[in-house]
Amino acid sequence: MRFIFILFILAVLFNVNFGFSQCKGFAKTECKPQLGSFIHDGNYNGVVLNLGEEVELHKAFFSGQKYRMVVCPEDHLPPVHFKIMNSDLEVIFDNKEEGFVGYYDFELDKSATLIISLKFIKEKDKEFDRSINGCVAMLFGLEM
Amino acid sequence: MRKILLIFFIGGFLGACNWISSKKGDSKLTSENIEMQLMKENTEKMKKIFFVLPSPIETSLLIKKTGIHFREDLLNSTDNLPSYSTSASRSIALGIYCADLSYAGLNEQYQISMEYINIATNLAESLGVLRTVEPAKIKLLEENLTNKELIVDIISEIYMESSEQLREQDRYTLASLMMISGWIESLYLATQSVKTDEVKHQILIKRVLEQKLSLESIKNVLSENQTDAVVEPIYKDILELERLFTKTIKSDNENLDFYERYDLIGFEQICLKIKDIRNYMVN
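Line order of the protein sequences matches chains A and B.
Quick note on this note's numbering: the first sequence kicks off at 1 and runs consecutively.
Quick note on this note's numbering: the second sequence kicks off at 145 and runs consecutively.
Bear in mind the hints are in silico, worked out from the structure with no lab data behind them.
Fair warning: there could be bad hints in the mix.
Derived lysine to aspartate or glutamate pairs resembling EDC-like cross-links, with alpha carbons at most 20 Å apart [as the list claims (entries may be wrong)]:
no., chain 1, residue 1, chain 2, residue 2
1, A, Lys66, B, Glu354
2, A, Lys24, B, Glu278
3, B, Lys192, A, Glu56
4, B, Lys191, A, Glu54
5, B, Lys292, B, Glu259
6, A, Lys24, B, Asp314
7, B, Lys209, A, Glu54
8, A, Lys110, B, Glu360
9, A, Lys119, A, Glu98
10, B, Lys191, B, Glu360
11, A, Lys110, B, Glu278
12, A, Lys110, B, Glu259
13, B, Lys192, A, Glu54
14, A, Lys24, B, Asp297
15, B, Lys363, A, Glu56
16, B, Lys350, A, Glu56
Simulated restraints on C-beta separations [stated by the list, open to error]:
no., chain 1, residue 1, chain 2, residue 2, range
17, B, Glu259, A, Met144, 19 to 29 Å
18, B, Glu368, A, Lys110, 27 to 37 Å
19, A, Thr29, B, Asn291, 32 to 42 Å
20, B, Ile409, A, Ser21, 47 to 57 Å
21, A, Glu97, B, Tyr424, 40 to 50 Å
Part of the chain B face toward chain A, derived, beta carbon under 10 Å [unchecked claim]:
no., residue
22, Glu202
23, Ser307
24, Met323
25, Val338
26, Thr340
27, Glu342
28, Ile347
29, Gln355
Computed from a predicted model, the values in this text were never measured in an experiment.
We put the beta carbon where it would ideally sit given N, CA and C, even for glycine.
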């Protein structure tokens with residue numbers, strides 16, 4: 001009985017922590033280099049998503065600072081469609097207009113909270129296989 | 145001994161199986177999975193929503209760009225380190241020292257940066273946060289102390305690893321305290337540098353007041369733990385700070401004169417409130 005209990009605890013620990021740290025590791029090795037000359041702000045915004053799920057990020061951005069946003073899905077996932085909107089939901093940038101590019105550089109005239117929504121691109125007339133999931137990391141860089 | 149090895153082997157095997165199956169989407173249909181599937185379908189329209197807290201690197205960079213001079217006397221003294229004995233006080237201190245480190249690093253204070261890197265990494269370790277920075281990077285920095293980009297890179301890694309490992313360990317309150325104390329310390333460093341009667345400091349005042357935008361995320365994070373004994377007074381102070389920000393910003397209209405837009409008496413009250421919150425956190 002004790003053997004089974006210990007086995008169960010180990011299995012849970014491996015499953016949960018491996019998922020989280022795997023995504024963080026992916027963000028550091030694969031996503032962070034895409035910031036280029038922009039310095040990473042130190043925040044980690046990564047999440048394990050199932051196909052079909054959507055994510056929304058709310059963040060304040062300040063005038064006088066140039067930002068780079070990179071969005072990185074794991075290789076086995078479809079490309080990501082992301083939009084940046086202001087608090088009135090007016091679209092400032094939609095990566096669909098730029099061939100679903102994975103990054104965006106910008107600077108605001110006036111400080112504001114922006115909403116970044118992202119989801120996976122679905123193939124035409126096909127439903128998502130919702131059992132597939134993977135890491136999507138979003139990092140922000142600052143120009144020094 | 146053989147039993148222990150067998151337990152580790154099976155545990156690792158089960159973990160690897162889950163890793164592989166999560167990538168390939170392999171799932172068996174059991175009654176529990178059907179229920180999960182139904183739940184997913186019912187909530188498929190719902191989004192995961194995250195509020196991103198400002199990082200001390202970002203806040204320090206914004207403040208630095210206003211041109212204010214570095215002041216070593218404002219940093220949280222390293223002598224205070226032994227007094228942080230609980231996990232909560234250590235998390236708060238880690239956020240504060242990370243903010244001090246960002247301030248020092250971005251202002252090219254290399255010796256201070258090295259000292260505070262050591263403090264931050266040791267403090268993180270005492271919280272069970274391991275390998276905040278690759279040892280090779282620290283070695284590289286020791287060989288070239290004036291590499292500003294490397295210093296800032298190290299700071300961002302310390303901050304990211306600390307906050308994320310705390311969350312991975314389900315210590316969300318500690319992660320939140322760390323991030324919020326970092327924000328307060330950055331604002332403290334800025335507000336203690338302001339002279340409200342100097343015209344050249346108007347841009348700094350504006351930058352501080354723009355941080356009102358960050359309060360929404362901060363309130364969201366704190367409100368989830370507002371009944372916690374450590375969080376509760378901080379949450380109340382943040383609400384009071386929000387009230388002072390609202391009182392101070394008279395108008396958003398950028399065509400108005402500085403003094404028509406902002407109430408400087410209100411700003412001075414903000415400075416005092418931030419100092420109070422910071423002193424509570426440091427002590």
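If you test the structure against every hint from before, which numbers come out violated? Hint check: 7, 11, 12, 16, 19, 25, 26, 27 fail, others pass.
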